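J.: Sequence:
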Amino acid sequence: MKIRFPWDRVGSHDEHSSCWVRVSQGWAGAQYGSQMLPRIGQEVIVNFLEGDPDQPIITGRTYHSTTEPPYPLPKHKTRMTIKSKTHKGNGFNELRFEDEKGQEEIFLHAEKDHNHIVNHDETSQIGHDRTEQVSRNETVNIGHDRMETVGLDESLTINRDQMRHIGRNRISKIEKDNLLNIGNNYQVNVHADTIIKVGKDTTIEVAQNGEWLAGDLLESICKHFNIEGYEEVRLQGPAGEIVVNQEGITLIGNVRIEGELTEEGGSPEAVNPFDTKPNGTRPVDIQDLIIS
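Note that the UniProt record's numbering numbers the sequence shown so that position 96 is 96, with each residue one more than the last.
In case anyone wonders, no lab produced these hints; they're calculated from the structure.
Don't take each hint at face value.
[Unchecked claim] Mimicking DSS-like on lysine-lysine, the simulated pairs with C-alpha atoms at most 25 angstroms apart in a straight line are: (1) K112 <-> K85; (2) K2 <-> K77; (3) K173 <-> K197; (4) K88 <-> K112; (5) K83 <-> K112; (6) K101 <-> K88; (7) K176 <-> K200; (8) K2 <-> K75; (9) K85 <-> K101; (10) K112 <-> K77; (11) K223 <-> K197; (12) K200 <-> K173; (13) K75 <-> K88; (14) K75 <-> K112; (15) K101 <-> K75.
[Stated by the list, open to error] Label pairs and their in silico Cβ distance ranges: (16) T250 <-> N209: 17 to 27 angstroms; (17) I257 <-> I227: 32 to 42 angstroms; (18) S34 <-> P69: 13 to 23 angstroms.
Note that the structure is a prediction, hence the values are computed from the model and not measured.
Glycine residues also receive a C-beta, built at the ideal position from the N, C-alpha and C atoms.
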């Protein structure tokens, strides 16, 4: 460092005011130790090695009227700090300790970047709450496994999109209910098989149209099967169609009936099932009727 002695009244008051002066540090090793260099305007304590005025050495620094401590005294007498000042700026870095009873605190401030490197394990234990705020982006890379346990509830809010990619399997286990509310569309793409097992009842409500498409076979196996249409039920195939509506049942296409034919009705007059105009009603269109 270059220094200016108070008794120097004729010096140039610049970098030529003295020779280079070493600064004592709390710890000094071969490329390790502490490094705290005085800044311009600070008052330093100078000693001379073996009393030689040609071997000055800075052994300390002290505050005075123009360079006061970071925090006023005696108000903050329980506060200890290491606080630097941005070179040619107004920012600062600080590591601060507060030892006042009931206000104990360790405060860390980084004016710009904060790099934290741990070569092995890291353990953090928090006895009460923890709050973390990231103003922009966050990236977390985990090279192996991750386990997270929440003792009570968890809430996650995402204001825009979310994307997840899972390289292999995913297993979700819910002990009670699962509620999913979707404000717009919902789409699931399964490239292989899908199996859904329901222990009791299943209800699907569609406000408008519903459609099931199968490329080959669609089966429904159950003990009782009910199909109900409020206005019309239509069953279509390649060679015919059955329509059930308020006017009755309409069979379109060739009809083949195998088994015994039983006719029941409330009319006192017998109806010939082969009569195409029974009782003067409109014609019954039965083409190629086969009973066996």
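J.: Run the distance test for K176 versus K200: straight-line Cα separation, threshold 25 angstroms.
T.: This hinted pair holds, its Cα atoms lying about 14 angstroms apart.
J.: Straight-line Cα separation of K85 and K101 no greater than 25 angstroms?
T.: Between K85 and K101 the Cα gap is close to 29 angstroms, so the pair fails against 25 angstroms, i.e. violated.
J.: Hey, K223 versus K197, does the alpha-carbon distance stay inside 25 angstroms?
T.: holds, 17 angstroms
J.: Given the proposed pairing of K83 with K112, does the C-alpha separation stay at or below 25 angstroms?
T.: Judged against 25 angstroms, a Cα distance of about 14 angstroms means the pair holds.
J.: Do the Cβ positions of I257 and I227 conform to the proposed distance bound of 32 to 42 angstroms?
T.: violated, 20 angstroms
J.: Sort out whether K173 lies within 25 angstroms of K200, counting only the CA atoms.
T.: holds, 18 angstroms
J.: When you check the alpha-carbon spacing of K173 and K197, does it fall within 25 angstroms?
T.: holds, 14 angstroms
J.: Between the alpha carbons of K112 and K85, is the straight-line distance 25 angstroms or under?
T.: holds, 12 angstroms
J.: Hey, K112 versus K77, does the alpha-carbon distance stay inside 25 angstroms?
T.: The given pair, whose Cα atoms are some 28 angstroms apart, is violated under the 25 angstroms limit.
J.: K2 and K77 were given as a pair; does the straight-line alpha-carbon distance stay at or below 25 angstroms?
T.: violated, 32 angstroms
J.: Holds or violated: the 17 to 27 angstroms window for the beta-carbon distance between T250 and N209?
T.: holds, 23 angstroms
J.: Does the alpha-carbon distance linking K75 and K88 stay inside the 25 angstroms limit?
T.: It is violated: about 29 angstroms lies between the C-alpha atoms, which goes past 25 angstroms.
Violated hints, in rising order: 2, 6, 8, 9, 10, 13, 14, 17; the structure is consistent with all others.
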